[in-house]
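With the sequences and hints as input, model every part of the structure.
These protein sequence lines map, in sequence, to chains A and B.
One rule links them: number in the working numbering = place in the first sequence (from 1) + 10.
One rule links them: number in the working numbering = place in the second sequence (from 1) + 9.
If you are wondering where the hints come from, they were derived from the structure by calculation, not from laboratory data.
One should not assume that every hint holds.
Here are a few chain B residues that face chain A, going by a calculated C-beta distance under 7 Å [what the hints assert, rightly or not]:
id: 1; residue: E51
id: 2; residue: G52
id: 3; residue: P53
id: 4; residue: F55
id: 5; residue: S104
id: 6; residue: D105
id: 7; residue: F108
id: 8; residue: G109
id: 9; residue: A110
id: 10; residue: G111
Straight line, CA to CA, 20 Å or less: simulated EDC-like cross-link-like pairs of lysine to aspartate or glutamate [claimed, not checked]:
id: 11; chain 1: B; residue 1: K65; chain 2: A; residue 2: E111
id: 12; chain 1: B; residue 1: K14; chain 2: B; residue 2: D40
id: 13; chain 1: B; residue 1: K46; chain 2: A; residue 2: E116
id: 14; chain 1: B; residue 1: K65; chain 2: B; residue 2: D33
id: 15; chain 1: B; residue 1: K46; chain 2: B; residue 2: D105
id: 16; chain 1: B; residue 1: K63; chain 2: A; residue 2: E116
id: 17; chain 1: A; residue 1: K67; chain 2: B; residue 2: D105
id: 18; chain 1: B; residue 1: K46; chain 2: A; residue 2: E85
Computed from a predicted model, the values in this text were never measured in an experiment.
Glycine included, each C-beta is placed from N, C-alpha and C at the ideal position.
Residue-level listing of the chains:
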Amino acid sequence: KAGVTQTPRYLIKTRGQQVTLSCSPISGHRSVSWYQQTPGQGLQFLFEYFSETQRNKGNFPGRFSGRQFSNSRSEMNVSTLELGDSALYLCASSSRAWPGELFFGEGSRLTVL
Amino acid sequence: DQQVKQNSPSLSVQEGRISILNCDYTNSMFDYFLWYKKYPAEGPTFLISISSIKDKNEDGRFTVFLNKSAKHLSLHIVPSQPGDSAVYFCAARYSDMRFGAGTRLTVKP
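See the structure below:
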């Protein structure tokens, strides 16, 4: 079956702009979580959604937000972009309500100039 | 807050030898631990896991050891192969999944 699909794969924005990233989980998976990967920081947990409800949120400012639709697809939005937001944003889906094994997409590489 | 720490950013070993990757955690509520492997331009992929009620789990060349009293786990790869060269992330689960910063393993032929 198809894996986790993230779009766009690469994007370049300037400071102050906003960006929306999309994630389509594996069919049947209802949990979607988002991570930010930067050199030296590893994968930093952003938030996790299950059945359209945000269940957990990491320590990121309110500029980072997300949502999940009824078909389990998820989007995350970053407003008022800063240079430090440049990173690889990874989406992962899981078939279990309790965070189980995560299946990751290839990520969306965001560069903020 | 770094609840999961991988203090070695890189590790280099010779093909055929053992690779040992280490991970420390601070939250005693973590009940499940996982290792993920990541190649460039790909998302992380699951490698092996261990429940907090066990101290060892083996899968082929990969073994994970858990020392709960020390809040430490390690991944052993024996024998190491050049294809194992990747970044390895340690992860721990409680209400969500927390990851370490990763260790870049290089296996030299």
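For which of the previously enumerated hints does the structure constitute a violation, in increasing order of number? 16, 18
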